[in-house]
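Put together the whole structure using the sequences plus the hints.
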Amino acid sequence: MTMPMLTVDELRRRLDLHGTDRRDWPADAWTAATTLVARSAEARAVWDEAVALDRLLGTAPAVGPSPALVARVLADAPPASLPARWRRRAAAMAVPLAAAAGLALWLARGAPRVDVSAIEVGDYTSPTDYLLDPYGVDVSDSLPSLGCDDSTLGCPGLDGETDMEARSRV
Amino acid sequence: MTPSDEDLMVLAGRGDRTACAALVERHLGRVVTFAARMLGDHREAEDAAQEVFLRVWTAAKSWRGGSRFTTWLHRVAANVCLYRLAKVRRLREVPTRDDTPLAIADPALDPSAEAHAADVARHVQAALATLPPAQRLAVTLCHYEGLRNIEAAAVMEISVEALESLLARGRRALRERLRPMAAALIGNG
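Protein sequences, first through last, are from chains H and D.
Last residue of the first sequence? That's 1036 in this note's numbering, and every number before it is there in order.
Last residue of the second sequence? That's 186 in this note's numbering, and every number before it is there in order.
Calculated directly from the structure, the hints in this document are not laboratory data.
Note that CB positions come from ideal geometry on N, CA and C, so glycine has one too.
Where hints are given, some of them may not hold.
Below, a sample of chain D positions facing chain H; criterion: calculated Cβ distance under 7 Å [stated by the list, open to error]:
1. V21
2. V29
3. T30
4. A33
5. Q47
6. V117
7. H140
8. N146
9. R169
Structure representation (structure tokens):
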């Protein structure tokens, strides 16, 4: 494989692109450049100028932060939170605490009151009576009618009379 | 074992003050220097650095360690500085290009080497300030932050070719501006 040839102009262009740090050069171009610099005084001058520019840029000193800036930056930092162990313990206690608080509130308010005036006294003696007598249901409709087509069995009529009583009245 | 920046970010997000202090100690100085080179003003650089760290603390709360911290930090610092430069340019509306080569005092005539070094640094900073922001950022990342071209391209979220194009134009402009000083350096060996 032949090594690519480099002209001085090409060297200058490459130095502008990649600088003088070997790591930023393609390997074959770097080899060609160093070969050219070793052979040509003009190429050497171009190379030296690029190195001098790098050195000049390196003369700009680093500036440190002022103590006031350090204090301001640290003051902006996130606030310290509870350690993870404490956060887990707090989470574990949250459920029973909430349950206890709910119970205490319920006790403080007392049992729900029933408005007795809304109940027709005398019709019902207990809540069970009310439940067994749902509104709109006719108890007599729910009586079994099996066999009542035969009048001799004395099945009750809708008005409470037996067939035999009705017939005797007729 | 020294914790990594990424580990410190996770701890900082939980409010660990020691981790916050370690991140500040490791990176605040670099961010201030970077911002000073980009903005050319120390006070403005400190304000920018504080803004950068505000973003660090915000990100720490949800840091998952998906990217390398230093790359991410450079990106944030670059964006903060570019935004500030754009704002300043809008306010001032002054051209930043000036191709006049900088003249410096002959170091042989200067009795104080320290004063001479400060003079050179000031001229270099002035030359850097004449570059358009994108070129200045590329030069700052590669020359001062020591990033390789591929890393600087990742920070700027551009291709390596685009970065090298910015670098080439920046280097050419700086070489023209700093030619007298570079010649003096070469002459002094």
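Against the structure, the hints come out as follows:
no.: 1; hint: V21; in the structure: holds (6 Å)
no.: 2; hint: V29; in the structure: holds (5 Å)
no.: 3; hint: T30; in the structure: holds (4 Å)
no.: 4; hint: A33; in the structure: holds (5 Å)
no.: 5; hint: Q47; in the structure: holds (6 Å)
no.: 6; hint: V117; in the structure: holds (5 Å)
no.: 7; hint: H140; in the structure: holds (5 Å)
no.: 8; hint: N146; in the structure: holds (5 Å)
no.: 9; hint: R169; in the structure: holds (6 Å)
In this structure, every one of the numbered hints holds.
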